[in-house]
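The listed protein sequences correspond, in order, to chains A and B.
Under numbering that gives the first Met the number 0, think of the first position of the first sequence as 0, with each following residue one higher.
Under numbering that gives the first Met the number 0, think of the first position of the second sequence as 0, with each following residue one higher.
Hints were generated in silico from the structure; no laboratory data involved.
Quick caveat, the model's predicted, so the values are computed rather than measured.
Heads up, a few of these hints could be off.
As the list claims (entries may be wrong) - When the alpha-carbon atoms are kept at most 20 Å apart in a straight line, the in silico SDA-like pairs for lysine to any residue are as follows:
1. Lys293(A) with Glu323(B)
2. Lys293(A) with Lys293(B)
3. Lys293(A) with Asp319(B)
4. Lys293(A) with Ala305(A)
5. Lys293(A) with Ile325(A)
6. Lys293(B) with Arg261(B)
7. Lys293(A) with Leu322(B)
8. Lys293(B) with Arg83(B)
9. Lys293(A) with Ala4(A)
10. Lys293(B) with Ile325(B)
11. Lys293(B) with Ala305(A)
12. Lys293(B) with Ala3(A)
13. Lys293(A) with Ala3(A)
14. Lys293(A) with Glu2(A)
15. Lys293(B) with Leu322(A)
16. Lys293(B) with Ala326(A)
There are 2 protein chains.
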Amino acid sequence: MTEAAQAAAARASELCDAALAGDRLALARLLTAVENRTPVAESALRRLYPLAGGAHLVGITGPPGSGKSTLVSALIATARAAGRAVGVIAVDPSSPITGGALLGDRVRMQAYAADSDVFIRSMASRGHAGGLASTSAAAAAVLDAAGFDLILLETVGTGQSEVEVAASADTTVVLEAPEMGDEVQAIKAGLLEVADIVVVNKGDRPGAQRTAAQLRAMLTASARVGQGIVDKPRPKQPQVLVTTALSGDGVPELLAAIDGLRGTATASTAARATRAEAQVWAILADRLRAELSKPGLRAAAAATLAQVAAHELDPFTAADRLLEEIARARN
Amino acid sequence: MTEAAQAAAARASELCDAALAGDRLALARLLTAVENRTPVAESALRRLYPLAGGAHLVGITGPPGSGKSTLVSALIATARAAGRAVGVIAVDPSSPITGGALLGDRVRMQAYAADSDVFIRSMASRGHAGGLASTSAAAAAVLDAAGFDLILLETVGTGQSEVEVAASADTTVVLEAPEMGDEVQAIKAGLLEVADIVVVNKGDRPGAQRTAAQLRAMLTASARVGQGIVDKPRPKQPQVLVTTALSGDGVPELLAAIDGLRGTATASTAARATRAEAQVWAILADRLRAELSKPGLRAAAAATLAQVAAHELDPFTAADRLLEEIARARN
Numbered sequence: 000m001t002e003a004a005q006a007a008a009a010r011a012s013e014l015c016d017a018a019l020a021g022d023r024l025a026l027a028r029l030l031t032a033v034e035n036r037t038p039v040a041e042s043a044l045r046r047l048y049p050l051a052g053g054a055h056l057v058g059i060t061g062p063p064g065s066g067k068s069t070l071v072s073a074l075i076a077t078a079r080a081a082g083r084a085v086g087v088i089a090v091d092p093s094s095p096i097t098g099g100a101l102l103g104d105r106v107r108m109q110a111y112a113a114d115s116d117v118f119i120r121s122m123a124s125r126g127h128a129g130g131l132a133s134t135s136a137a138a139a140a141v142l143d144a145a146g147f148d149l150i151l152l153e154t155v156g157t158g159q160s161e162v163e164v165a166a167s168a169d170t171t172v173v174l175e176a177p178e179m180g181d182e183v184q185a186i187k188a189g190l191l192e193v194a195d196i197v198v199v200n201k202g203d204r205p206g207a208q209r210t211a212a213q214l215r216a217m218l219t220a221s222a223r224v225g226q227g228i229v230d231k232p233r234p235k236q237p238q239v240l241v242t243t244a245l246s247g248d249g250v251p252e253l254l255a256a257i258d259g260l261r262g263t264a265t266a267s268t269a270a271r272a273t274r275a276e277a278q279v280w281a282i283l284a285d286r287l288r289a290e291l292s293k294p295g296l297r298a299a300a301a302a303t304l305a306q307v308a309a310h311e312l313d314p315f316t317a318a319d320r321l322l323e324e325i326a327r328a329r330n
Numbered sequence: 000m001t002e003a004a005q006a007a008a009a010r011a012s013e014l015c016d017a018a019l020a021g022d023r024l025a026l027a028r029l030l031t032a033v034e035n036r037t038p039v040a041e042s043a044l045r046r047l048y049p050l051a052g053g054a055h056l057v058g059i060t061g062p063p064g065s066g067k068s069t070l071v072s073a074l075i076a077t078a079r080a081a082g083r084a085v086g087v088i089a090v091d092p093s094s095p096i097t098g099g100a101l102l103g104d105r106v107r108m109q110a111y112a113a114d115s116d117v118f119i120r121s122m123a124s125r126g127h128a129g130g131l132a133s134t135s136a137a138a139a140a141v142l143d144a145a146g147f148d149l150i151l152l153e154t155v156g157t158g159q160s161e162v163e164v165a166a167s168a169d170t171t172v173v174l175e176a177p178e179m180g181d182e183v184q185a186i187k188a189g190l191l192e193v194a195d196i197v198v199v200n201k202g203d204r205p206g207a208q209r210t211a212a213q214l215r216a217m218l219t220a221s222a223r224v225g226q227g228i229v230d231k232p233r234p235k236q237p238q239v240l241v242t243t244a245l246s247g248d249g250v251p252e253l254l255a256a257i258d259g260l261r262g263t264a265t266a267s268t269a270a271r272a273t274r275a276e277a278q279v280w281a282i283l284a285d286r287l288r289a290e291l292s293k294p295g296l297r298a299a300a301a302a303t304l305a306q307v308a309a310h311e312l313d314p315f316t317a318a319d320r321l322l323e324e325i326a327r328a329r330n
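Just chain A, same shape as in the assembly:
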């Protein structure tokens, strides 16, 4: 083990001890390491991952303006009233470059600053291949190991990666607001495919119950279409609930519906496989990247990529050349 690796392992061990003992600052530092894919994160995850697996990971997604943040806050309040510890991972698309957190998120965190059984974390993945999926899965494992039993994974459901992240949770809740515009309706069709529970939020607005009824009809129709001639519901026909997150109306019923799906295995098993695969693939890509960054290969790899950028070399020939160079460097 190199000196740097030893230092990372020592630091990871220290942070894990503290985080497992309930130190929230240590937990926050571990999540920062996970987000940045540092050697400390690797060492920490090797220890924490086997301690995780017990929490219920709930994805919450929906288009901008559907009231996700308010609903997440209402779910936290309801779960806290029942004495449960709640972790939140908010995947934040506000800035693809600087990864800045939404202001509202910091405000929300302040509301729970004194409550050690609520932990809210914004994450912005920074352009790793598969980064969003693997980072959020790793972050969930850390919160899970640290004793958070209910983990909400909040994303804005208009991007492919973000929808996939929410869909990779054990249970996926998709929000709708009543009477959204046409383009949003089109997006909704895709979102509905990943939903275990559909929530029409802003239930106090006119049209909320009608939107819920339309969604139920749409989901029943698509279940029939999906099944062809045999008229039986598809295995995972989502429930449709109405909430008013601001007043809290319908939120206890939503939490009960979420709890009711806990451990109803098929979807969750598939989601766990998806999360495992995302993490392993991201690590394999990191390993490959590390090989190509070694002093002996770095210059050659950069030159090969530059040839592709200049269209002097096609990307397949380039990829095969890089693989040959890795193999040669190893022998």
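Dock chain B against chain A, hints included.
Below, chain B without anything else, positioned relative to chain A:
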């Protein structure tokens, strides 16, 4: 070469000949192959990629409701009036699972069905790591080789992958509609970072000019902040234009601004490097996946991933075990 590989090469050769001779059906079939990452696509791209690199690739992104599709149609009409060939790749987030195209896109295609110098294609990437970026870059290379000189890459700018795809174009246009909601404003801050040109569309609405003025002020302020004490504009301070895509007002000026940025190298050079890297990395991941799918390794790889899903094994140990197994299988 296996029999299957020979057949793919023959089919690719046939489709490339036809596409290069102007056959639009062959071009469509090549793009389907690229989207599905088939052996035909690999063979075709090995041939077409070196023929590409001349087109101006323009990313167009913005939140839902900002009028992207209408603006793209207006840009097509303006470019066609000048006798130019226009390709459009619309990255379609409507369905992460079935990858269905937005209805409006099909309507748009019909309008140009008889015009062989317009080619519009919807793409939905299906969950490959880095798939959206590499697939759209490869599709652009195919259109480029087929002689489309102006290629518009349209995405919905609310997801990380979608914003990254638009940002990886040579020139990136970010749309805003006047007076959008609060959450959208937050997203906008991230979008602005990737913009070469910011367009306030729906310019006939009250507030459009004021929104443009606010954006100019915001961009000037952020340029100053970004530069610290030295008060000079950042290298890539975006222009702010106002268009009314429905009537066509401001669209010729937008196209002129886009053309004006053609070949202004720094941003484009970085974008080309990004696109090259995305493609090479996706191919490396495909190669790794193919290794792990070989009969000798498939069962062991599946068992390892299942152990990770069950939290019996951490993902780092799993990744290293898979790499060892690949190395052993090779020797």
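Structure-based check of each hint:
no. : hint                     : verdict
1   : Lys293(A) with Glu323(B) : holds (19 Å)
2   : Lys293(A) with Lys293(B) : violated (28 Å)
3   : Lys293(A) with Asp319(B) : holds (18 Å)
4   : Lys293(A) with Ala305(A) : holds (18 Å)
5   : Lys293(A) with Ile325(A) : holds (10 Å)
6   : Lys293(B) with Arg261(B) : violated (45 Å)
7   : Lys293(A) with Leu322(B) : holds (17 Å)
8   : Lys293(B) with Arg83(B)  : violated (47 Å)
9   : Lys293(A) with Ala4(A)   : holds (16 Å)
10  : Lys293(B) with Ile325(B) : holds (10 Å)
11  : Lys293(B) with Ala305(A) : violated (32 Å)
12  : Lys293(B) with Ala3(A)   : violated (36 Å)
13  : Lys293(A) with Ala3(A)   : holds (16 Å)
14  : Lys293(A) with Glu2(A)   : holds (17 Å)
15  : Lys293(B) with Leu322(A) : holds (17 Å)
16  : Lys293(B) with Ala326(A) : holds (19 Å)
Of the numbered hints given earlier, the model fails hints 2, 6, 8, 11 and 12; all others are met.
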